[in-house]
Amino acid sequence: MAQAQPKAAATHIVHHLLIAAFLLAAALPIPAAQSPASEVPLSPAAPGPYPYSTAPSPALDCFTYLINLSDCLTFVEGGSNLTRPDPGCCPELSNLVYTQPICLCQLIGNPGRVGASVDVSRALKLPSACNVTTPPVSLCAGTSNYLLFRVSSFT
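Under mature numbering (1 follows the signal peptide of the UniProt record, and there is no 0), the residues of the sequence shown are numbered -27 to -1, 1 to 128, in order.
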C-alpha cells in the first residue's frame, strides 16, 4: 500500500508535465506556410448548417483554443487504450469546432507541436467518440495542412 501513493503521485506529475509541455508547444508560433499559386485558396464554405468561422483572422494564434483541449490528451496520447475521452474533453472539442475549426488543421497537421506523443489515428477518432460533427474540409484549403485534413477528416 505504501508504494501505491508514490506511483499515483508520479502518474499525477507525469500528466501535469505532459499538459505543461502541451501548453508550451502550443505557445510556439507556427511559421507561415508558403503556398504555391496553384494551391486552393481559403474561402468561405458553401452555405450550410454550420455556424463556423470559415477563415482565420490574419494572425490567428490557436494557443488559447489548444489549451482547452488538455482534457483530450489522455485519449489521444500514444499508447492510450481509453475507449472514451475524459468528461471535459468533448465540450472542449465542440467549442473548438464551433469557434475556430481552422485550429484543427494546425493540430492534426502537426501533432508533434503539442509536446506529447499524439497518436494521429486516435486524434482522428475523437470527433466520433465525442459525437461532434467536424466542419467542411474546405476550411483547411490554402493551408499547409489541407491535404491531410481532407483525406482524414471524413474517413
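Because the hints were derived from the structure by calculation, they are not lab data.
By construction, the Cβ of each residue, glycine as well, lies at the ideal position given by its N, Cα and C atoms.
One should not assume that every hint holds.
Said to hold, decoys possible - If you anchor each label on the Cβ, the simulated ranges turn out as follows:
id	residue 1	residue 2	range
1	Asn104	Thr47	28 to 36 Å
2	Ser94	Ser67	16 to 24 Å
3	Thr56	Phe36	23 to 31 Å
4	Lys98	Ile40	28 to 36 Å
5	Asp34	Asn54	19 to 27 Å
In this structure, is the beta-carbon distance linking Ser94 and Ser67 contained in 16 to 24 Å?
Hint holds: Cβ distance 21 Å, inside 16 to 24 Å.
For the pair Thr56 and Phe36, does the Cβ-Cβ distance stay inside 23 to 31 Å?
holds (30 Å)
C-beta pair Asp34, Asn54: status relative to the range 19 to 27 Å that was hinted:
violated (33 Å)
Does 28 to 36 Å hold as the CB distance between Asn104 and Thr47, or does it fail?
Violated - the Cβ-Cβ distance for Asn104 and Thr47, about 18 Å, lies outside 28 to 36 Å.
Are Lys98 and Ile40 spaced within 28 to 36 Å by their CB atoms?
violated (22 Å)
Violated hints for the displayed structure, listed by number in ascending order: 1, 4 and 5.
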